[in-house]
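Residue numbers (our numbering), protein chains in the order written: chain A, 1395 to 2518; chain B, 180 to 640.
Keep in mind the hints are simulated off the structure, nothing from the lab. It is possible that some hints are incorrect.
Stated by the list, open to error - Short, incomplete list of chain B residues facing chain A, as computed with Cβ under 10 Å:
no., residue
1, G259
2, A311
3, D348
4, A351
5, V432
6, A433
7, W438
8, P585
Claimed, not checked - Each pair of labels, with its calculated beta carbon distance range:
no., chain 1, residue 1, chain 2, residue 2, range
9, A, F2274, B, M522, 19 to 29 Å
10, A, R2134, B, L246, 35 to 45 Å
11, A, T2405, B, I221, 49 to 59 Å
12, B, M522, A, G2331, 25 to 35 Å
13, A, I2351, B, S357, 32 to 42 Å
14, B, G471, A, N2120, 53 to 63 Å
C-beta atoms are modelled at their ideal positions from N, C-alpha and C, and glycine is treated no differently.
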Amino acid sequence: MHIKDTFPELYQLRRQKPLQLEAVREKLSKTQGKEFWRSLEELAESEEFDEFLHREFPQHASEWNEGTDRRSFLKLMGASLALAGLSGCVYQPPETIVPYVRDQENIIPGKPLFFATAMPTTGGAMGLLVRSNMGRPTKIEGNPEHPASLGATDHFAQAALLTLYDPDRSPTILYRGEIRSYIAFLGDLNRALEEQGGKGGAGLRFLSEATTSPTFAAQMQEIGRRFPNARWHQYEPAGANSAAAGARLAFGQFVNTIYDFSRADRVLSLDADFLSCGATNLRYAREFANRRRLTDGNAEMNRLYAIETTPTNTGVCADHRLAVRPSEMEVLARALAARLGAAGAASALTNGAHVQWLEAVARDLQSARGRSIVIAGDEQAPLIHALAQSMNGALGNVGQTVRYTEPVEVAPVDHIASLRELIVAIQAGQVEALVIIGGNPVYTTPADLKLDQALLDKVKLRVHLSMYHDETSELCHWHIPQAHFLESWSDARAFDGTASIIQPLIRPLYNGKGVHEFLAAFTERPDQSGYDIVRGFWQSRIAGGGIGNIPVPIAATGQTPGGTATGQGTQQPATNQNRQDGTNQGPATQGQQARTNGTQGTTAATPAPATATTAAAPAQTSAPPSADFEKLWRKAVHDGVIPGTEAQTISVSARGDLPGVPPPVASGGNALEIVFRPDPTIYDGRFANNGWLQELPKPLTKLTWDGVAFISPATARQFGLGNANNITSKGQETLADVLRLDFRGRQVAFPVWIMPGQPDGVVTIPLGYGRWRAGRVGTITEGKPDNLSGFQNAYMIRTSDALWSGVGLNIANTGETYPLASTQLHFNIEDEREIIRAGTLEEYKHDPRLAPHRDEDKQPPAPAGENRHPAEHESLYPEFVYNGYKWGMAIDLSTCVGCNACIVACQAENNIPVVGKDQISRAREMHWLRVDAYFRGAMDNPQGVYFMPVPCMHCEIAPCEPVCPVHATVHSAEGLNDMVYNRCVGTRYCSNNCPYKVRRFNFLLYQDWNTPSLKLMRNPEVSVRSRGVMEKCTYCVQRIEYAKIEAEKENRRVRDGEIVTACQGACPTQAIVFGDLNDETSRVRKLHHEPRRYDLLADLNTRPRTVYLAAVRNPNPELVNRES
Amino acid sequence: MQRVDQPHEEIHTTPNVIEPGHTFGSVTDKISTLALRKRTPIGWFIGFALSFAVMNVLLFTIVYLLLTGIGIWGNNVPVGWAFDIINFVWWIGIGHAGTLISAILLLLRQEWRTSINRFAEAMTLFAVACAALFPLLHTGRPWLALYWLFPYPNTMGIWPQFRSPLMWDVFAVSTYASVSALFWFVGLIPDFATLRDRAKNKAAKIIYGMLALGWRGSARHWARYEVATLLLAGLATPLVLSVHTIVSFDFAVAVLPGWHATIFPPYFVAGAIYAGFAMVLTLTIPLRKFYGLEDFITHRHLRNMAKIMLATGLIVAYGYMMEAFFAWYSQNTYEEYMIINRMTGPYAWAYWALIFCNVVTPQFLWSKRVRHSTAALFVISLVVSVGMWLERFVIIVTSLHRDFLPSSWAMYSPTIFDWTMFIGTIGLFFTLFFLFIRFLPIISIFEMRTILPQAEMAKED
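Okay, chain A solo, but in the shape it has when bound (with noise of 0.2 Å):
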């Protein structure tokens, strides 16, 4: 095992820079006890301690550096053992450790184990299973226990590994950016919290993101006990703050909306991106997917209205979609909800071009009273929330397709109130210590509360707890690393509340310090461990009959002051406050008991895996654990979900008054409008040093690793941007004008791309690029215009008035140009390709094969799997007879929403390398699947976007195959297309060859193989793959041969579902489905004999083995005559 696995704080401070040997010796000769260990290490490998070996041996000193003859290499020898006893002299650490001397149970060499845990999302959580190679996570799945999960992952889910692994994450702690111990920071910040607890903590803020995690409120409810004075800010730079706030417009108090789109036949979206934003998505989007299978016979399809201001995976699946200024939104939100009689809704919206439009969605609406939904985004405004809800009401949805429920996140609040709150105070001088707590709001803050370095300047104390040492870090006093949510102890609830232990699989890589143990250094308790925390937490909760009331953290701040209270009286530890204002349910004496059983520790064989820690308890505080509990504990970790913790459906109603009329719509059209997004890759920012998510092609655009303002093609026009997006002759590459944006005095650069569906007058720009300090990865260096400040830095102009839109917003165009790296250039096709097989509902059911019309003039309907161009099998040699296995995979283009969770889970699972943005700009992209997007209809209007997942095709007749001269490419008997990678001499023939383009080279050499903490994080089935050589999807052959093995032992074929390839896995729509063409129970074989079914480029007669199930839609036939 290397030393790395297990004591990282040594492998990193190995690593470190040497000291000056005087120092070292001075600090040698003052230390003792637990740091000696260290400061010995450190000198172990330092240039002085080769001098002092040098010093030891005058006499030989200058054989160390020269040849070694027999008896300089002896000493070496001698002196590598002193090493190596030196290495051994270190303390064990205090958590029980496994040694590899006897195997342990469970762990078989080679064989893979998967844990449950759970990845903390923005308001909720996501329940994942990782697999465990050796002790090192390798690769992230969905777990299906989960709700928010329900076993499918998102793509920020899977990216996570390589930010487990990223070794430009922070790997020591910084005092004022020097190395310091964490004991040397306890004691800095024992000082000032000794100083703060005389004015009960009246100078100590605290600032977080948002959070679902019990046991962090029932700490800060601790924290809050000592010193109640102090104060908990939240910020969330892209949270769905708007929709608490809109709940809370509509209904008085902060709840939770849940919706049911499995029984919803009608959707409208006001903006929302439920099928691939939030913490929702995931299970939206099955849902949401299951009302649109039309396989097994279904022929019935839900319908989705989508209205944006901006085009979103969701609203190019929509059914009709309606491009909108985002400051028309609440004219037709008022409009619609007046049509479908919302209370207090009114509209001002008699006549316009949309009128028609909405009375048709109404009227549709209208026809499914309580089978409808109306969803709003959360980017749009609290009124539209609340217009949302009281539709919901109004159609009858509440209790069938919506429901409420308390909040999940811990404290909900105003985050920019409660950051407004920080700021005023720092402003004041009250904030003596501010602790900031994840998250990095230096960057993300918005410009007009921006934390910058003359407001921090003014505070005494600043510590960052952070993964990175990012913007935020560098502005800090002290820079705490923290530990991955794959290497630490934690809990977090999912959108629905039922809450999960996040479980480590690893010890921290990076020295990094979990939330929960971070935050017991302002409690009486600093020395508790993660677990001890955690799993007291849930004793107490678990002992005491199920998860019941979250505690209230005290100190949270941001409530507005007409709003409902969530904790505003900082010592009211057990007085139930108001169950109606909903929130806060009553922290009352769980809390308490997790304060004082809270540490309750064990040795109990959890089941982590041996490299993680299976905690020892501090002797103190522990009670015998109750058998109950640890029956419990046990399942719950085991689940990665704690039963009977969903949050409770209540009732609430609307109030009737919402605010008066509409503001007027920002009249003429040349005012222009922003509009703020979260990155679909890199999200808020949080994700920029992710290779992988910064090389994940955006959806629509297909872009990497840049963020670019979206505007409609007719504003370039009127703009003269229309010389933009010209693509250059390197391969992949566009050069973009950079469009200067003036908004409200604050201005940002930002490279321009037309975008189709943008609605006309509109600028989208995507929040987390234009960071400085976020890594190798994320910082933006090359290729930046210089004399451009605030390049891509969505924050620098996103003010807390106009968080996610605005009014106001000028442009000009810099005349500077900027390269863009794209996957996929967007050409106008002008022969008619049958690439994309679609259609209409009414189609379907005319004629379920959706085949193009040319073809119907000719022959008539084929029955089922038979509607192929070419004959079946015209040679003059038999065919091949598949007596085993058959593989075959089919992909159904209705449920495809372009989430792009399939391209990064097969990177995780096949060790596929990032290329880099130049290699991209060279089309070198190494992705063995991509989603190929296809917009129809005009430029100016598309009707909508058809994504399609391209994998290797397998084909039957693979064109690959005869042209490789080394055989490298061959069938095997299982009809897989495989690729001997030992054989390939890479003469990129086959490449060439491949209709599909889905094989990948490598040209130069990608992977890394150098860095230590990223061979860790590899599969290890899978060939890493080296310069020169073809590469392309096998179907996860590895997992084949997983499952043939087992059921070999078991003397059985393969089960129908037992094989799950990596997309397939990760898919939340289920659009993948892999399996035997052999079974005749196989779910894909029932898929390739759908009417739908349809070969790509099949008049090749390739004969591929994935197969695509045409795209249907269901658009509403009033609107399809009148757009007609």
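Mind docking chain B on chain A? Use the hints.
Here is chain B on its own, set in the frame of chain A:
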């Protein structure tokens, strides 16, 4: 055969293959002196130094390529082949003229070939050497390609994929290279003997002596020689047709629109001859000027080569026409798009430049005046060489960059290393060529003697 004393004055009469006034001795003197003279002309040094410098650029590029990978070139995923294979096909094409002149024209008893066959064959060898670099170095792992492409019985029982046109290339090119080398060497033996006999320098005597393989010029030697030449010519003749046919299979066997066409083999062979003769002209015209060989390489040679260029150029033009016709006649959307994209897409400049170079330019050769102007022929031959390079660019790059699925379309542009690799091979070619014209008889001495009128009279006697 014309009379010796017939004055060469009228332009309309057929020019001589050798200018009048030469005797056996003067021919031998003239040609052997070029190889044996002590003082090397300064122009040779300049030319050689330049070529050698350029060749070193190639060597540096190859070293960097082997260390870094072919990512230093501009190739990408739709455009998996680009300069590497363009250059390969271009050089192989150039290599065609030599064998055609040596073998086919020998069999057809075209005596005018005698003056040019030696250096045309040399040109073939050097061009094939340049060409052979590319298929090897264009692979991702040349060190493996080097032996896995050759069929040898190994313990693993893995053979190469005999269905792959790249495999056929290995056989075709290596056979062609060996037969051409053999043919060239056999043809050189009597001249090596001449040089051996005339050399004054001891080292030259020894080296030429070894190369002459003990040639004494006996009747028996000559008889053997004749048989060997004839046999080799017979062997080489089908190779002229087969090599480029097989090279064209690299494309025609693929499913790609723009590659997958039955017309490729004849069209490629014609193109190769076209390019080969263009290159022979490019080399001949300065060579005969600087080495004073106008007597041996006369207007008649130039004119004949121009005619062959015109003929093959028309075949090539027919090929281009057929590509467009097939696209239209097939009514296949991909084929149609392919030709439209060639003509109007981002690489349309290459297509139209190709049409200009290969179709328009050779039409000037209909004019006798042009055919008789060495300057015009030189320019046309250069233009055709460029055009033939462009043809391969169009076939390879424009077909690959947009094939079936628009999602995979991308552009291609060469990097500096694509250019250094290409220009470097030109350096290699000329380095070898300069060495050849310095140390070997650039025109076949004994064959020139056979076409002297004196020899003719001896035959008549």
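Against the structure, the hints:
no.: 1; hint: G259; verdict: holds (3 Å)
no.: 2; hint: A311; verdict: violated (15 Å)
no.: 3; hint: D348; verdict: holds (8 Å)
no.: 4; hint: A351; verdict: violated (13 Å)
no.: 5; hint: V432; verdict: holds (7 Å)
no.: 6; hint: A433; verdict: holds (5 Å)
no.: 7; hint: W438; verdict: holds (8 Å)
no.: 8; hint: P585; verdict: holds (5 Å)
no.: 9; hint: A/F2274 - B/M522: 19 to 29 Å; verdict: violated (42 Å)
no.: 10; hint: A/R2134 - B/L246: 35 to 45 Å; verdict: holds (44 Å)
no.: 11; hint: A/T2405 - B/I221: 49 to 59 Å; verdict: holds (57 Å)
no.: 12; hint: B/M522 - A/G2331: 25 to 35 Å; verdict: holds (28 Å)
no.: 13; hint: A/I2351 - B/S357: 32 to 42 Å; verdict: holds (36 Å)
no.: 14; hint: B/G471 - A/N2120: 53 to 63 Å; verdict: holds (55 Å)
Going through the hint list in order, the structure does not satisfy hints 2, 4, 9.
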